[in-house]
Each structure stands twice: as C-alpha cells, then as structure tokens.
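With the hints in hand, could you dock these two chains into one complex?
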Amino acid sequence: MKKTNYILIILLLTGVVWSCTEEIDLKLSGTEPRLVVESIITSDTMFQYVKLSRSGDFFADEKLPGVPDAKVTLSDGVKVFDLKETEGNNGYYITSNDFYGVPGRTYTLNIENVDINNDGIKESYKAESYMASVTDVDSIRIVYEESLDLWKVLLYAYEPPGFNTNYYMFSLIVNDTLYTDQLTEVTAFDDRFINGEYANGVWVHSFYNDDEDYALSVGDTVTLLMSGITEDFYNYIIALQDETRENIPLFSGPPANLPGNISNGALGYFTAISNSYGTTIFTGEK
Amino acid sequence: MQDIKQLLKKIIRYTILIFLVLFNSFTLYPRKIDEGAEIKYTISGYIKDAETGENLTGATVYVREIKLGTTSNSYGFYSISLKPGFYHITYTFLGYVAKEITINIKEDVTLGISLSPGTEELHEVTVSSVKKNRNIISTQMGTERLLSKDIKKVPVLMGEADLIKVLQLMPGVQATSEGSSGFSVRGGNPDQNLILLDEATVYNAGHFLGFFSVFNNDAIKNVELYKGDIPASSGGRISSLLDIRMKDGNNKRFSATGGIGTIASRLTLEGPIIKNRTSFIVSGRRTYLDMFIPLLGKKDMKGSRIYFYDLNAKVNHTFNENNHVYISGYFGRDVFKNEFSEMNFGNRTFTARWNHVYNPKLFSNITLINSKYNYGLGTVDKGPNSFEWKSNLIDWSLKADFNYYVNPSNTINFGGQATYHDIMPGSAYGKDEEESTNEVILPNTNSLEYALYISNIQKITSRLTLKYGLRYSIFQNIGPGVLYHYDDNYEVDREEDIPKGEIYNTYQGLEPRLGAIYVLTPTSSLKAGYSRTRQYLNMASNSTSSSPLDIWFPSSPNVKPQISDQYSMGFFKNFLSDKLETSIEVFYKNMRNTIDFKDHARLLLNEYLEGELRFGKSWAYGVELYVKFNMGDWNGWVGYTWLRAERKINEVNNGNTYRSPYDHTNDFSVVVNRQINKRSFIAMNWIFYTGTPVTYPVGRYESGGVVVPFYSQRNAERMPAYNRLDLSYTLKGKNKKNRRWHGEWVFSVYNAYYRKNAWMINFVQDEDNPYEMHAEMTYLFSIIPAITYNFKY
Numbered sequence: 000m001k002k003t004n005y006i007l008i009i010l011l012l013t014g015v016v017w018s019c020t021e022e023i024d025l026k027l028s029g030t031e032p033r034l035v036v037e038s039i040i041t042s043d044t045m046f047q048y049v050k051l052s053r054s055g056d057f058f059a060d061e062k063l064p065g066v067p068d069a070k071v072t073l074s075d076g077v078k079v080f081d082l083k084e085t086e087g088n089n090g091y092y093i094t095s096n097d098f099y100g101v102p103g104r105t106y107t108l109n110i111e112n113v114d115i116n117n118d119g120i121k122e123s124y125k126a127e128s129y130m131a132s133v134t135d136v137d138s139i140r141i142v143y144e145e146s147l148d149l150w151k152v153l154l155y156a157y158e159p160p161g162f163n164t165n166y167y168m169f170s171l172i173v174n175d176t177l178y179t180d181q182l183t184e185v186t187a188f189d190d191r192f193i194n195g196e197y198a199n200g201v202w203v204h205s206f207y208n209d210d211e212d213y214a215l216s217v218g219d220t221v222t223l224l225m226s227g228i229t230e231d232f233y234n235y236i237i238a239l240q241d242e243t244r245e246n247i248p249l250f251s252g253p254p255a256n257l258p259g260n261i262s263n264g265a266l267g268y269f270t271a272i273s274n275s276y277g278t279t280i281f282t283g284e285k
Numbered sequence: 000m001q002d003i004k005q006l007l008k009k010i011i012r013y014t015i016l017i018f019l020v021l022f023n024s025f026t027l028y029p030r031k032i033d034e035g036a037e038i039k040y041t042i043s044g045y046i047k048d049a050e051t052g053e054n055l056t057g058a059t060v061y062v063r064e065i066k067l068g069t070t071s072n073s074y075g076f077y078s079i080s081l082k083p084g085f086y087h088i089t090y091t092f093l094g095y096v097a098k099e100i101t102i103n104i105k106e107d108v109t110l111g112i113s114l115s116p117g118t119e120e121l122h123e124v125t126v127s128s129v130k131k132n133r134n135i136i137s138t139q140m141g142t143e144r145l146l147s148k149d150i151k152k153v154p155v156l157m158g159e160a161d162l163i164k165v166l167q168l169m170p171g172v173q174a175t176s177e178g179s180s181g182f183s184v185r186g187g188n189p190d191q192n193l194i195l196l197d198e199a200t201v202y203n204a205g206h207f208l209g210f211f212s213v214f215n216n217d218a219i220k221n222v223e224l225y226k227g228d229i230p231a232s233s234g235g236r237i238s239s240l241l242d243i244r245m246k247d248g249n250n251k252r253f254s255a256t257g258g259i260g261t262i263a264s265r266l267t268l269e270g271p272i273i274k275n276r277t278s279f280i281v282s283g284r285r286t287y288l289d290m291f292i293p294l295l296g297k298k299d300m301k302g303s304r305i306y307f308y309d310l311n312a313k314v315n316h317t318f319n320e321n322n323h324v325y326i327s328g329y330f331g332r333d334v335f336k337n338e339f340s341e342m343n344f345g346n347r348t349f350t351a352r353w354n355h356v357y358n359p360k361l362f363s364n365i366t367l368i369n370s371k372y373n374y375g376l377g378t379v380d381k382g383p384n385s386f387e388w389k390s391n392l393i394d395w396s397l398k399a400d401f402n403y404y405v406n407p408s409n410t411i412n413f414g415g416q417a418t419y420h421d422i423m424p425g426s427a428y429g430k431d432e433e434e435s436t437n438e439v440i441l442p443n444t445n446s447l448e449y450a451l452y453i454s455n456i457q458k459i460t461s462r463l464t465l466k467y468g469l470r471y472s473i474f475q476n477i478g479p480g481v482l483y484h485y486d487d488n489y490e491v492d493r494e495e496d497i498p499k500g501e502i503y504n505t506y507q508g509l510e511p512r513l514g515a516i517y518v519l520t521p522t523s524s525l526k527a528g529y530s531r532t533r534q535y536l537n538m539a540s541n542s543t544s545s546s547p548l549d550i551w552f553p554s555s556p557n558v559k560p561q562i563s564d565q566y567s568m569g570f571f572k573n574f575l576s577d578k579l580e581t582s583i584e585v586f587y588k589n590m591r592n593t594i595d596f597k598d599h600a601r602l603l604l605n606e607y608l609e610g611e612l613r614f615g616k617s618w619a620y621g622v623e624l625y626v627k628f629n630m631g632d633w634n635g636w637v638g639y640t641w642l643r644a645e646r647k648i649n650e651v652n653n654g655n656t657y658r659s660p661y662d663h664t665n666d667f668s669v670v671v672n673r674q675i676n677k678r679s680f681i682a683m684n685w686i687f688y689t690g691t692p693v694t695y696p697v698g699r700y701e702s703g704g705v706v707v708p709f710y711s712q713r714n715a716e717r718m719p720a721y722n723r724l725d726l727s728y729t730l731k732g733k734n735k736k737n738r739r740w741h742g743e744w745v746f747s748v749y750n751a752y753y754r755k756n757a758w759m760i761n762f763v764q765d766e767d768n769p770y771e772m773h774a775e776m777t778y779l780f781s782i783i784p785a786i787t788y789n790f791k792y
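Chains as they are written, first to last, in numbering that gives the first Met the number 0: chain A, 0 to 285; chain B, 0 to 792.
Calculated directly from the structure, the hints in this document are not laboratory data. Any given hint could be a false lead.
Simulated pairs of lysine-lysine, BS3-like, Cα-Cα distance not exceeding 27 Å [as the list claims (entries may be wrong)]:
hint : chain 1 : residue 1 : chain 2 : residue 2
1    : B       : Lys559    : B       : Lys597
2    : B       : Lys381    : A       : Lys285
3    : B       : Lys381    : A       : Lys151
4    : A       : Lys83     : A       : Lys121
5    : B       : Lys152    : B       : Lys791
6    : B       : Lys791    : B       : Lys251
7    : B       : Lys755    : A       : Lys26
8    : B       : Lys499    : B       : Lys398
9    : B       : Lys274    : B       : Lys251
10   : B       : Lys578    : B       : Lys98
Note that the structure is a prediction, hence the values are computed from the model and not measured.
Chain B on its own, in the form it takes in the complex (with noise of 0.2 Å):
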C-alpha cells in the first residue's frame, strides 16, 4: 500500500504540475482576444432552482447582442467574456421560466441566478427563439437527457420509475433480457456502459437478478446518456457514458418525498442544514418481497427471505462563492436467504468533491472516490459442512476536472483522473464433516488506470461549431500478483509471482474524440462525429442476462484493451415551434480485441479465466429514428432502432462470423401520456424488439447413452419476439393552496395484455418416451399490477 500511494503522490504531483503550466499560460494572456488588446470582462455565477436551490446543469445563457452563449456545467456553473457594454442576456432551462436581464458590463460581474420551475399547466413556457430548438444547436449528438420527472411519467415494473428502464425505451438502447437492469447501447455489450453516480463507477447497477435499477428516482437530478458522443473528460468503456447526479438537497426549507407501494416503499428527505449555505439529502427505499412470498404458495420458498434496499446520502456546503463542497454517498444491498443458504450482493460508493472557481474564467472540480461491488454466497451454518463464497472489488480514483470559458466561442475541458482497482476475484472455502477447510482463494488483480485530457467547444462561424478533443488513457497491471503463462493451446505452463507495487505490463492509447454541428436552420441541424475509445476492465459474463456473480477482469499481458472507433452522423429538424423534435442518425463501430468465451467455457471460481478468453473483432452499426412530441395535452415519442452487431472470434463458431448477442435488428418503443385534466393523466408505453439471437439445436444423435443435441452456428437462430404494453393512471390529491402535502395514486399495469415472453427456451426429454424431445418455454412476468401512493411534504 506505501508503494501505491507514493505512486499515486507522484502522479498527482506530476498532473497539477502540468495543469498549473497549462492555465499559467491561458492566464498570462488574459485579455488577450482577436482584435488586438482588447478587454473583456467576464459574468459568472451558479444558476439555481429558485425553490430548491438545486444546480441547474446545462441551462442555456445567450446574449443576444453577439448572438453566442454558452451552457451551465455539471454544478450549475456558467461564465461568459464579453466588451465592455450593455446586453441583454437570457437564462433558460427545459420546464423552467426564462429570465432575461440588462446588465452594463464594465467589470467583472458574479451574478447568480434563480430560475423558476413551470407549472403544471404552463405547457408552452414562454421563451426566446434560442431556447426553443435547444436540441438543434446542442453540440452533443448521440445523448438522451432524463430529468427526475420524465422519468417518473413513464408506467414500469411494479410502480417503481426506474430510470434504466426508461433509458431502454430510447432509440439505440436495448435492454438485454427480460426484466434486466442491463443494457446494451449500439450492440454493444452491457459491460461497455460506465455508469457513474456522482462520478464514482457502479459496477453492478441491478438489483433482483436485474429487475429494479439501483437508482432510487426520488433522488436523482439529472442523468446523460452519452451513446456515441462521450467526452473526453470520460473513458475506460467503449459503449457508452451514463452520468447520474444526485440530487444536492433543497437548502431553502425541509422536505419529504415518497411512496408507498405494493413491492417497495421509499422515503427521501431533504432541507437546509444552514439556510442557503449548507443542505442535506436522505434517500432510502427498501422492498418487502418476501412478505408475499407465502402467498405465491411455492413450498421449496417457505422461510426465504428476498429483499433490497438502496440508501443515498449527500450534504454539501457553500464556503463561499467560489468554493462549494459535496460528499455523498450510495449503499445497497440484495439479500436472498433461506434456512440453508444465504447469498447477498451490493455497491458502496462514496465521493467528496470541491468546486474551486480559480477566476471567473476557470472552474475546477477535484473528486475523490472510493467505489466497492461486493458479493457473498454459502451456507448459513459456518461449522461443520459448510460453504463460504466471496469476491469484491474497490476502486479508489482521484479526478480532477477543469473548465475554462476562453470567450464566447472557446471553452475548453481539461483535467486529468487517476483509478486504482483492487479485484478479489474470487475466495471460497468449504469445511467438512471433519471441519478441515479445503479452500480456493483466486489471487488478486491490482491496476492502475490514469488518462488526462483536453478538449474545445469551438464557434467557427454562427453556423458551425466544432468540437476537438484529445485524450491519452494509460493502464498498467501492478503486484502483488500471479502472472499466468499460457501455451498455444490455452494452458498455463507457467505462473510467475509478482511481489507488491512492481509494475509488470503497460498499455497506453491515445482516444480522440471529435464532433462537428452545422446549424441549417434555425429549426434544423446536421451533426457528425468520431470518437476513440479504450477499455481496460471486462465482466466475464457467460449469458445475456446480468448475473451478479459476474467478475470483472482487467486488461493484462494476455488480455489486451479493446479499442473501438464510432463513426456517427445525424440530422435534426423540429417542427411546430418546438413541438415536434425529429431527428435521424447513423453509425458504424469498429471494435478490435474483441473479447468472447470459448464454448462450454468454465468463469465461476477459475483462476485460469483467462484461458477460457478467444479474441477477434467486432462491429456493429444502424439507424435511429426518434420522434418526440408536446403537444399540450399529448406528450411523449417514439422511437426506432434498427441495428446489426457481429463478431469474428478466433476458435468460437470455427472462426466465421456470428451475430453479437446484443443483436436485435428491429427495436421500437412508443411512449404517450396525456393530461386527462388538472388532476390526472394516463400513460402508456409499448415496446417490441427482435428476439435475443440464439443458438438451436437442427439435429440430435445418441451418444453415452442419451441423447445430446447438434446445434446450429452460434446465435443464429432467434428467439420468439419480445412486446409488452405497459399502463399507467395518476390521480392527484386535490391540491388545496397552502396545503404543503401533495400525495398521488398511481394505478400501473406491467405487461398489460400478458404477452409470455420466454426468457429462456430449454429442451426436455419427454418423460414418458426418452427419444421424444419437447421445447419448453419459460417467461418470468405475466400481468402485473401496482398501486403506489406517492406523497410530498
């Protein structure tokens, strides 16, 4: 651990030496802009909810004036150069009212500002022509936005919103399986997705075998996906960014939020700690499952005990304008028991972040994490004949992260991160009758994983902003450790001890990331980008549904990164004021080193693993349509994906080409709801995609005395089609003015018309007649109705 940390010492001071040579030289040309000496002054400043005295990310400024603006940042954080002058300059942000101000600028200004949520019945918010088509000069292409709400909206598994589940209804999204908190984005593999709660890495985002994300809506702000487009500021997966945040807690007065529900309740409180300086956040849901488990009448279940329960934690504090502090936290944890056996599993993370606004050019974050995924299985009885089965992983990272608003049409990301993993694969024990431990214990695997970048929004004219980045990711396997040596057959003929803190493979890449968007019109826009990205971490998964026994491996001397380069292209167009969003894209992944699992490949407990790895390339692309619409009453879309994703692996279908198990050609999802009137509203959504790909038997034979299938190539034959209509009815409390209580009915309906969509196709020997083979479907949810009583305080 000394050595670890010295190294880490050396790679911090390594990086703030650079940083501090990077924006020394920014700084010592401050005034510095294209007509000569010139001055600028700049206005910055949070912009907040004005109810809660929650960040705003991504809120809009535009100074009409020199026709530019620019976005608020992840904390809310905007800044802007301007001349000397007076200008008129508008804040807006999705559902909220703008707010437009006169200001003379004649020095540098902090201005803080307040935006108003809409109500309700405020469909159609008043704002200016640059608010209106945000999507169109949006410089990200390739991301969905969710807020708490919209996710709410949408009907889903047992009245619990679920923000995963309501990412896979947009386009270039697929859930992997039936119920599964896994997704895949672009046919790409779930594994690929890094998906970060207030910037710290949750490796196992499901719970119940996949069927409730670990996201607790009530307390999540705002969550990006990033599908082709991750910035640079990001890297290690080659799929996709999923960026969560957490709600910061209302610091203007108390308040609790909740629900009761048929499966699971939640209780979220918040409120100020010191008025507008410091506030707090609570969040916990737990279920109670297993109180219904008696009623299922499934005798081999009598005396289980299922549950979860997810808690969120976060206090942050305003030392003054320019430093603001955060520390939240995450801990969850599933628990499946019986009078045998017991097996739990959860995520812990925990993040300290501080803001520091250097000047009001330059906006720094400096986070901390320690993230830990962990696992447990055996027997309850730890005496005599018992089972004890274990595998973690911690992560701690250091990140920092800069932002500098150059001018108007400059702002440029930097900064630099640094992990390290400590993976227990694995370590199991039995005890005997005897009570003589007979033990597996799988070394462990330590890493590091550093990156720096840097990047730039670019205005070039009033139509074309380009975006450019660059970023340089490292990785490198560290002792202690067992090196495994591998022959040509996939057998170790060796193993070499590494002793702690010794270095012994390096990867490193460079990963660019470029994008470009010409404004058309101004209700049209045409984007295109390219992106490199490298991941180090896999999950040696051995189905398409996430288990959570599930190890992640590192990249190492027999593993190399896999490298993907996404090539995409897209074209915008709303309609009706903003009322109708369209827009197409395409894209094209190339992927190398790829990896796959050789037939019948063993991964619990092996610590050979890397021997049960084959390796080849991987490629996948397609079309996505999405049509969103608000219109008043309707509101909702509808989106379409059509995809192709193969793979050629060496030594897995005799080295031909097969389709990727994340290969579903057609995937349509349709989301509606409709305002009833002031107190209700009903919403539906209904999905179809094309059935998981599937290896089947085409013939069988006798052999050791029974008969054993013969099975097409791999995955292509398919399974049945998967669709399901969800509903959904909410009914107000009667809102009484100056009644702070505000509860709702929410009346849902899971799979509505009972679709039995198998989750797995087995095939079973007749009972009676031994040569007669019967196909046997099974599927997990019928119909599933909920009610959830949802308040606020």
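So here's chain A without its partners, still in its complex pose (with noise of 0.2 Å):
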C-alpha cells in the first residue's frame, strides 16, 4: 500500500547506477495464439461488455484483433443472457442497457464457436465469478502532498462488522470521462483486517502533479469509483501492475503469466464487481 511506494521511491534515489541502457536484437521463441477474455460484470445500471482478442508474436506490432462471431452467454443463476456483438467486428460482446449485476450472487461466462488456433476444431471456454459487496462512500477528500508533489485522493466510509468483501478497486473519474482507464492506473487494496472500522481518510488515489497529459483543473470534478473485488480479481491486478511495472533485478522475481479465471487456456479474466461512488470539487487548494 502506500508503504510500498515509499520504499520503492526510495530505493529508485538510492540505486547506484553507473548502468547504461540499450536496445537490442533479440530472438524469441514464438507460441500458438490464445484466445483472450475481458469482462468486467458491475453492478451499475448499464450495458456490461465481454471482450474478445487474439494473442499475438511479442515483437508482432499491429493491434491485437477482436475475435467475431463467437456465441456469448452470461448466467446468474436465475437467468441465461444472451451478448450481442458490436459492429465492426472488434470482439465486442454487449448486454442490454438495462442490465445490472447484483451482489452476491455468482456469474458464469460461456463462449463457444470460436477457433483461435484454426484447427478446424471450435472450442468452448468457460469462467465463473462471484459478486461481492461494496458499502457506500460517505465523502472524498483531495489534499496536496508537497514531500511528493501529488494530491491524495482521502476515502471517508463505513464498512460494517462482519462486512465480508476484504478487496477494493479505485478509479478515478474526472469530469464524467473514465480517468484510470488502464487496469495499470488503479489501485487495489487487501483490507482484511481493517473490518467493521471507519475508514477516516485513508489515501486510496493520487493525482500526480507533473502529469502533463491529464493536469487537474480547479473546477473539475472528481469522482473516486469504488469496487468490491473478488480476490482473484485483486491478484490478478496486482500481477498485472507487476508484470507492466519496469523491472528493478534486485527486486523483481521471474516474470510469470497473470492468474486467469478461465477455462481452457484463454489469457485474461472474467470477474463480476459492485461500484459505489464519492464525489467533490477540486479547489486546487495547497
């Protein structure tokens, strides 16, 4: 948590490098291509999409393509929904508008029709998520942090005792457009001891203050999402984060492959979440 950054920013200024970094050629050994799944089941009002692309070379450098055509259903234990897919064959897989997952009960994904590696043979693949829980935010709070030249994103909110979602994800949106709109730029914490406590404006979130691309503006307003995750879903995060982060040798283990939930050898994850949301305006006070 934040502990971990302080010591990795630590240990990134203390580092002796005298080390010299360059591009080279290098030849790598190549794999059949998977199938990839993406879906994210919420408990918002909304269409809910799932996904589909193919792994590709790892120096290949076009876009990964969507997978068309493939049969998506969703289940919820009571009902069957069947996914419609987008134009434009990008391997987009949509519910109906009115859609909304509800906490507490358990998701299964099916797709089937599909061949990734063009055998002649279809396959089918399958994933399973339980939904957990989310309480509400009271408020959020942005401080500037001057030792760090960010502002801190404070969540104030009351997990009741024996609450039993021990994993939270936080995105940030500002201005109604989805600003962590990488699983990169999220956050995502263990709690499993801080139940039936108040959170009293814990640091979840950050806004970097040299981000030139996405400066925050006095006026904007920022919401923080908060999730309720599966624990699957958080190390799957937590890999996923590991794995993009630039490697430091003294620190990093061997690379490894981010922990899926889905059958058959397909990459990527199928998890189900509950949002709720905090709002504010930002001052821009230091």
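Put into structure tokens, the structure is as follows:
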C-alpha cells in the first residue's frame, strides 16, 4: 500500500547506477495464439461487455485483432443472457442497457463457436465469478502532499462489522470521463483486517502534479469509484501491475503469467464487481 | 533472556560432560597402540612464519622413517606420536623454505618451528619429494585454498584485490550475476554458502550491491572453500563452507601495508605489543566514490553520498606454551544518502577464542561469537511525513573444537556448537503529516541451532586414507514469536502467540561425512566422498543478484530444513615435478525440501512470508576440470565446469521441472600471470559463462487496456553469455637493500574489450507506437581502468 510506494521511491533514488541501457535485437520463440477474454460485470445499470481478442507474437507491432462471430452467454444463476456482437467485428459483445449485476450472485460466462488455433475444431470456454458487495462512500477529499508533489484522494467510508468483502479497487473519474482507463492505473487493496472500522481519510489514490496529459483544473468534478472485488481479481490486478512495471533486478523475481480464471487455456479475466461513488469538486487549494 | 541463558548453560554443561567422558576414555589408554604396550612419545608445537610470527595452517610435517605425517591445524598446531628413536622430520609449507630436522625422541617434546618465506625469485623452492604433490596426498577433495598473496595477483574490479572475485574464477564456483559478491557453488544458491570470518558467520559478504566483498585482502591470512567435502565440524549450509582467517598480527616488528587507489584506499597496521607474545592488527578501508559523482553528470544523483568502509581489528596473546587467546572483530558499513533519503547496511562480528593444549595430543579451541547484520532505510527527516524501515539479525554462538592426535595414522576431531539466532525481519513506521504513526512490525523469530560432531582421518595403508565423521544437528524454534497456521491455500487461518522461552518446534538429524583417498602413484590419486548436510536458515531473495534487503528466515513448523546428499569423485594427477597440477572431479547433489517462491511473491515487509514459499526438490550434477601451472615466469590456471542444476517445486511452473537460476551450463576461467623481470609482472584473467536462465515472453495480449507479455516456462530461456577480460600490470619500486619501504604501482583494466554484459533485459513499449515492443538491455560496467599504489613498511 502506501508503504510499498515509499519503499520503491526511496530505493529508486538510492540505487547506484553506472549502468547504461540500449536496445537490442532479441530472437524469441513463439507460441500458438490464444483467446483473450476481458469482461467486468458491474452493479451499475448499463450495458455490460465481454471483449474477445487474440494473442500475438511478442514483437509483432500491430493491434491485436478482436474475435468475431462468437456465441457469448452470461448467467447469473437465475437467468441466462445472450450477448450481441457490436458492429465492426472488434470482438465486443454486449448486454442490453438495463442490465445490472447483483452483489452476492455468482456469474458464469460461456463462450462458444471460436476456433483460435485454426485447426478446424471449435473450442468452448467458461469462467465464473462471485460478485462481492461494497459499502457506500461517505465522502472524499483531495489534499496536496508537498513532499511527493501529488494530490492525495482520501476516502471516508464505514464498513459494518462482519462485512465480508476484503478486496477493493479504486478508480477515478474526472468530469464524467474515466481517468484511470487502464488497469495499471487503478489501486487495489487487500483489506482483511480493517473490518468493522471507519475509513477516516484513508489515502486510496493520487493525482500526480507533473502528469502533463491529465492535469486537474480548478472546478473539475472528481469522482472516486470504489469497487468491491474478489480475491482472484485482486491477484490479477497486482500481477498485471507487477508485470507491466519496469523491473529492478534486485527486487523483482522471475516474471510469470497472470493468474486468469478462464478455462481451456484462455488468457485474461472475467470478474464481477459492485460499485459505489463519492464525488468532490477540485479546489486546487494547497 | 534469562530462560535462554539457563538453556545455554544446560547445553554447555551437558556438552562438556560428554567431552570429559570421551577424552577421558582416550587418555585412560594413552600408550596402548597396536603392538601391545609399546610406549610412544609425542612431538608437538606450533609452526610459524619466521618473519612475522603468523601461525601457518596446513603446513606439512613428514616423518621419513615411518613414511607418515600430519598437518598443522587452523592455529598452526601439530602433533605426532612416535616410538623412541632417531627421526628425520621435514616441515614444509607452500611458498616457504622447507626445514628438515633430526631428533632423538625419548620423551614428549615441544618443538616450535619457524619457516622462512621463499623469496620472489625463488620459483623453484627446494623441497623433499613429499611436499611436492601436496594436492595428491591431501585428504581434502572439492576444496580450494587461497593465500592473501595469491588473491592479490589477480586483476579485479577497480583495482581492489578481492577474494570472492578470485574464488569465482575457480571451477565449480560461479558468480551469481555481474559484479555480485554472491556466489554459487556447484549450482547451489548463494544462501547455501556458510561464510566464516575467524569463525563468525558473515550474512552479507558484499558491499555496494555486491560489487566488492567485505573482506580486505591485506588483513586476510588464509582462505579455504570446501565445495563438496565440508568437514563434520561445520554445518548449517548445504552448498559450501568458506573459511576465512584473518592474520594474527606480526609479533616481531611493526609493519604497515596499504594502498591508495582511484576508488578506495586502505591501511593495515600490525605489530607486537609484547614481542613474540602479544600482537595486534588493525585494518581499515574506505571508498570515496562519492567524490566522483559530480563527474558522472547524473543530475538526479547530485548531493548523494555513497561510501563504504571496513574495519578489522585483532589482538592475540600467548600466555604460555599451552594457552593462547585471540580477540578479533570486524565492523563494516555501506551508506547511500541523498537529501531526501538514506540507506545503510553492514555486518559486525566479534570473536574471542582460547586455544588450550591439554596434553601434547589434545588441542582445543573454545570460541565465543557475536555476529550482527542489519540495515536501515528511510527518509532523512524524521518529522512529519517521514518513514523508516529497519531489520537485523543477531547471532550468539559458543563453539568447542578438539583435535586429538591419537597416533600418526589417526587424527580425531570432535566438538560441539550452540547458536542462538535472533532475527528481526522488519520494523517499519511512517508518520503522516499530522505526525500520527503507522507501524508495521514483523514479529521476531528466535531459534537455537546446535550440533555435536566427531570425525577421524585414518591412514589405513600407505595408499589408502579414509575420512569418516558424523555430525548431529538440532534446530529449535523458541519464543517469543508468532506461529502462523496456514491452510491448503497458503492463507493464514490462525495466529498463535508463543511466550518467551517456550520451544515450539524441533528438527534434528544426522549428517554423515565420508571420504576416501587412494594414492595410485606418487603423482596421482583417486578421491571419493559422500556427505549429507542440513540447512535451517534460508534467505528470502527474489532475484539472482544479492540485495542487502534480503532477509533470513528460519525453519519452522511450516518450513522444513533443506537436506542435501552429495556424492563426488575425482582424479588428480601432477606432471613435470608438480609444475603442472591437473584434476577432474564429478559431483552429484540431491536435495530435498528445496525452497522457491511463488509467482509474484511479496517478500518485503510481509509477515506471511512463509505463505509465499513453495517446496519441492532439486538436484545438480557436473564435471570440474582444473589445470594449474607454475612454470617459472608463467603461473596461473585454467578452470572449466560443466553443470546442470534443476528444480521441481510444487505449484511453480505448473509443477514441471525447471532450471535453477544458478544453472550456468559452461563456465570457463583462465588466469595467467607472467613475471617480466624482477620488478614487474602482468596478469590477465578471462571469464566466460553461459547466460543466466531467464523467463522471456513468447507472445503478448491486450488486457486491462495495456499490452501484457505472455511467458514461457520459468527459466526456459537464457540471457546472452557472459564474458570478460581483465588485465593488470604491476611495477614494483626499486628494491633498495635495507630499505623498509616497498611500493608498487598497479595499473588495471576491468572488462578490457568492453563487452556489454547484460545485467538485465527488459521489454518496454515503444514511446510512439504502444503496440510495438522493444527488448532493452541494461549493462553495468563498461571498460573501467584503475590505478592503485600499494605500499608495505
């Protein structure tokens, strides 16, 4: 959590480096393409999506193609929903606009009619995820941290005793646009031992002052999205952030594949999360 | 602490009792030998260097008439029992002039011997036919031995002679990564090497993220690395024993040695306090690398301070012929500091030893040791918004070792040791802006490790010598502490607080050690050995480069001790009257309860560290070839190792066998030095080894809005092969007679042909095109020249 951030910053600063870095030409062995699934079912009332794409060679530099014509169904233990493919063959399959996920239910995803390795045989894939619950966000505050030159987003929320969600993900929305649009930008917490407590200004996310692309302006509406997630998805996020962060050989172990939850060798993840929101206006006061 | 003191007292009392019984039973039959009640007398004493008074370890004593001999122990003591009569006894030691005496034995004799060092010009030292071919008759196999002056001759990084760098040039010993002080012996992990400095354990032997070791060569007398044949007197690590002994201090006259170099300087002062009885040695070294930082032009390092220092100090006193005391200590530190943050780490060891000769056949050494390794990391400012993280490891040890020279065919070593380990794995606190503190304190782990051993070296026939021994080791976890109970998913389901002094787990086991040597001809021999070793303390390290932040964790109810069985065999042959020594050794190691870490393991400040571990088995096998030449002006060696080291760990790599990160298939070293004339010589070493096993991506996919790599099996690929050439040229000052000051200039170049050896390889997204990936290599050292001026007074 914040301590690990501190550690990394200090270590980076004190690392002795007479080192030099240069690009090299490396030959890598390849492998068969795999199906990649990406899907988050949320508790919000809106269309939910499943994105199917194909994996590629490591150094191939084109966009990885979507997988069209698949038969995608979603079940919540009560009903089965057929998802429709959007136009453009990009591999997006969506529910209707009035769909919403219910915390406590277990969702199952089924994918058929796909032949990823082009061997003429259609494959089928399956994944399952429980939808964790989330408490309400009381409020949030944005506070400047001088020593690190960033704006901290502080959470105020109450988690009732016995509440059984232990993993949370935090995303940021600025003026109705998703600011943390990559999974590498969210923060994820393992919160096992703060059950039954009040989160009193817990530092859950940050805006970096020197981020040129996304500087906050005074008057911006900042919304913190707090999601209750499963342990599997928490592990996936942490692994993803580990794998895409630059390696410091002293502190990183051997790289490994992300722990996905889809059958038959597919990559990616299928998860169900519940959302709650807290909003504030950015005043820019230091 | 009281309970522990009681416990230690109990152990000591018990141990002393056992030994009293044991050696009483021996001394009750002092004169009983194979020929009935024949009387034998013992000649014993210390073998020393004539110029400095330093004890010589492993000097050979050969009695011509019985064609048997002995060697001096780590304190220079020798003892051999003979029937009354006239004998020719030769004392030899490598690099010294041999001494032969004639003596009429009619009673026990104490005879101290002083040997004079051979001068530099004397490449061919006059020796008897027994000193030659020492490697043939030595009962050690899988051992490398270095003297301080050998280490000095090898050109190394930045002009600092370094014993670990030189060891990495020996067959069977490999560097773990560029510039690292961690080393791997026969495919083993760096934490499987027991490193002792005057008997105290050194937990982190590297400075500067491993670029230099903590050992100042000027203070070192003797270095022995046991790769496969760890004596029964040592245990606790399953790959090797690195036994480093400091000089005792010249007890004849005051002397100063030192060097001034481009990166570091050192000074050693030694001399007598009471001539021939008491002497001291103090040795210090410091780098001033931080002075060069502004020259590097790296903006983010301005205002940084980076330095390390080592300090060795020792005092020794001879009370009388039978009693000797040594008190030695080491203190070293690395400091990295800038305006915002600071990191420092270091070792501190303290040893007090008492040599006591009970009777001419029984030598004992009792040692008391305290060893500490610690590190600290944090913000410089301790007020609001500050942060500090500390960790340390403290050992208290008591050892008793006895050498019993029964008769010329049998030397029995026995003894025991007890150690208390106190590990504070990490305590961190952070203060936020309101100065309220957030703390993470990992519970201490305390443990006791003890062992008893007995071994004998027995000469069965003139050709066959057997070495056999048994070590019995015990490990206990003792409170205060916390015992975590894990479920099948490696999650903690219960925490149990253990009160102080309560023992909550015991592991124990036998460790047999066997060896045989068969002399085929005076210049060739065959050796074979088997040993079992157990390891109770392990290092949690995520990377192949040693990091000062790696923490040690003990065996526990959740972590079984590692056990290794090693089988080795070797053939040794010398040519050209000992000028060419060759050997070929093969080994096979089979290890159980091997520890590795799960994918994406979190090791820093994690109290549930044991849940990140996965267990299985591992094995290693290989061949080591060694050719050492000593031909007048040309000296050096060529070493080649071929090995394979693999693991099979539950839940890692899907349970499939994968390569150990220390599997370097081919390892080739060439070391040559050539004397050009009386004043100068040049030296070079060339190293080549197969690249470190690494996990590379075999594909990629898009997930969560980013491109993610998809990997091969763990360690299935390799980094590019490592190779490097170092050169040095040494020019001595004109050696005017009667002039006490000797100086020499050493010009060295590290990585002379500027090979960019990859330290790590990363895959990064192209800045312009997010779908394009590049492989990027980082290398540590370009070509590094250095100049050092060494002096001796």
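Here is what the structure says about each hint:
1. B/Lys559 - B/Lys597: holds (17 Å)
2. B/Lys381 - A/Lys285: This hinted pair holds, its Cα atoms lying about 22 Å apart.
3. B/Lys381 - A/Lys151: Satisfied, since the Cα-Cα distance of roughly 21 Å is no more than 27 Å.
4. A/Lys83 - A/Lys121: Holds, because 19 Å separates the two Cα atoms, which is no more than 27 Å.
5. B/Lys152 - B/Lys791: holds (16 Å)
6. B/Lys791 - B/Lys251: Distance ~15 Å between B/Lys791 and B/Lys251 Cα, so the pair holds.
7. B/Lys755 - A/Lys26: Holds, at roughly 18 Å.
8. B/Lys499 - B/Lys398: With Cα atoms ~25 Å apart, B/Lys499 and B/Lys398 stay inside 27 Å; holds.
9. B/Lys274 - B/Lys251: Answer holds: B/Lys274 to B/Lys251 is near 6 Å, not above 27 Å.
10. B/Lys578 - B/Lys98: holds (21 Å)
This entry satisfies every hint, going by the numbered hints stated previously.
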